Amino acid sequence: MPSRNGARLAAVAEAAGVSLPTVSKVLNGRSDVAARTRARVEQALREAGYVPRGGSRNAPATRIVDVVFDDLVSPYALEVLRGVTAAGAELGTDVVVSRMPEAAPGGPLSPEDQWTHRLKGNGRAGLIVVTSELSLAQVESFERAGLPLVVIDPINLPRTEVASVGATNWSGGIAAAEHLLSLGHRRIAFAGGPVGASCSQARLHGYRAALDNAGVAFDPELVRHGDFGHPAGLEIGNRLLAMENPPTAVFAASDATALGVLEAARQRGLRVPQDLSVVGFDDTMLAGLATPPLTVIRQPLHDMGRVALRTLLKLISGQTLDSHHVELATHLVVRDSTAPAADRGAR
Numbered sequence: 001m002p003s004r005n006g007a008r009l010a011a012v013a014e015a016a017g018v019s020l021p022t023v024s025k026v027l028n029g030r031s032d033v034a035a036r037t038r039a040r041v042e043q044a045l046r047e048a049g050y051v052p053r054g055g056s057r058n059a060p061a062t063r064i065v066d067v068v069f070d071d072l073v074s075p076y077a078l079e080v081l082r083g084v085t086a087a088g089a090e091l092g093t094d095v096v097v098s099r100m101p102e103a104a105p106g107g108p109l110s111p112e113d114q115w116t117h118r119l120k121g122n123g124r125a126g127l128i129v130v131t132s133e134l135s136l137a138q139v140e141s142f143e144r145a146g147l148p149l150v151v152i153d154p155i156n157l158p159r160t161e162v163a164s165v166g167a168t169n170w171s172g173g174i175a176a177a178e179h180l181l182s183l184g185h186r187r188i189a190f191a192g193g194p195v196g197a198s199c200s201q202a203r204l205h206g207y208r209a210a211l212d213n214a215g216v217a218f219d220p221e222l223v224r225h226g227d228f229g230h231p232a233g234l235e236i237g238n239r240l241l242a243m244e245n246p247p248t249a250v251f252a253a254s255d256a257t258a259l260g261v262l263e264a265a266r267q268r269g270l271r272v273p274q275d276l277s278v279v280g281f282d283d284t285m286l287a288g289l290a291t292p293p294l295t296v297i298r299q300p301l302h303d304m305g306r307v308a309l310r311t312l313l314k315l316i317s318g319q320t321l322d323s324h325h326v327e328l329a330t331h332l333v334v335r336d337s338t339a340p341a342a343d344r345g346a347r
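Just so you know, we're using UniProt numbering here: the sequence shown kicks off at 1 and counts up by one.
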C-alpha cells in the first residue's frame, strides 16, 4: 500500500500533468526541469498543502537566479544589484552574481552551451544580463535549455522578443543637450559609449535632436566614443579639449566618462563649470561626490534592477509579459558642473 505522502505526491503529479519522478526532481532541486513545468509543479504542491522535510507549509522551492555583469566593480553595477537583491529578498529568490564567462577551450560543447550547461548544473532558474553583449547563439542556447532571460540596459538585442529593462535614453539625451543649450552653449560635445551600444546611440540621437530643434548645426568632430569608463572619458576629454575650437560643454554618456572629462579639464588648468560645463548620465553615488558635483541625467538604476527580477520571475512561472521592453523615466538633476557659457570669442 502506498504511503500517505506518496499518494499525495501522485495527486500532485496528476494535477500538474507530469510524472511522479518529475515531482521528485522539483522537490530535490534538480536543474533538469523546464521552468514552466517547475512552476506548475510548485503551484500544485502549494495547493496540496505539501510540507517538504524541514520546510514550512506552502513554502515554494527557493529559486536561484544569476545576475551577469561585464564590470562588477562599477557604481552602476552596485546600484543595479541593490535593486535586484532587494526584490529577491521580497520575493524569496536567491541572487548569485557573476561576470560574463570566457569560453573554455576544447570539449564537446560550444562556448554558449558550456555557459548554459553550467547554469543549469548549478540549479539556476534564469538569468539577468546587465550591459553586456549577447550573441544570437547564446540566446538560442538559453531557449533550448528553458532558461528565461532578461537584459538590463542592453548593448544589443539579438532578438526583439528578448525581455529588456532600460531607461528613456533618447529623452535623457534631449534633456541633457537642452539644459546646456539653455545656458547658452553651442559647442556641445558628446562623449559616448561603444558605437554599437544601443543605449549610447539613443542618447546620441536625443542630443542630436535637441541641437536640430535649437537650430544648432551638428558637428561630427564633437562626437567621440569609448567604453563608458573613466579612462575613456579622460582620453576623449583630452582629444576634445585639444581641438583648435574646443567645446564649451560636454555631455557624457555615463558618470564614469564624465569624471574622466573632469580630470582632463583639471589637467589642462580649466575650471568646471566656469570654463567647461559637463553633464553625466546615470546618477551613481560618485556623481554627487565629484568635484564639482555632477549635473546628470538620472536613470533609476535601483528600480531597473527590481523590475528586471520581477520580469524574470514572471517568465520563470510561465506568465505572458504585457511588454517585452520596459523603459523607466529619466530626469535631469542639476548640480554644480554646469553654468552659462563664458564669452570665448569665436567659440
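Since the hints were made in silico from the structure, they are not lab data.
Among these hints, one or two may not hold up.
[Claimed, not checked] Estimated spans, in silico, between C-beta atoms of each pair: (1) Leu91 - Arg144: 24 to 30 Å; (2) Leu91 - Val216: 14 to 20 Å; (3) Glu263 - Ala342: 36 to 42 Å; (4) Pro220 - Gly269: 25 to 31 Å; (5) Glu161 - Pro220: 21 to 27 Å.
What you are looking at is a predicted structure, and each value in this text was computed from that prediction instead of being measured.
For glycine and all other residues, C-beta sits at the position ideal for the given N, C-alpha and C.
Flag every earlier hint the structure violates by its number, smallest first.
2, 3, 5
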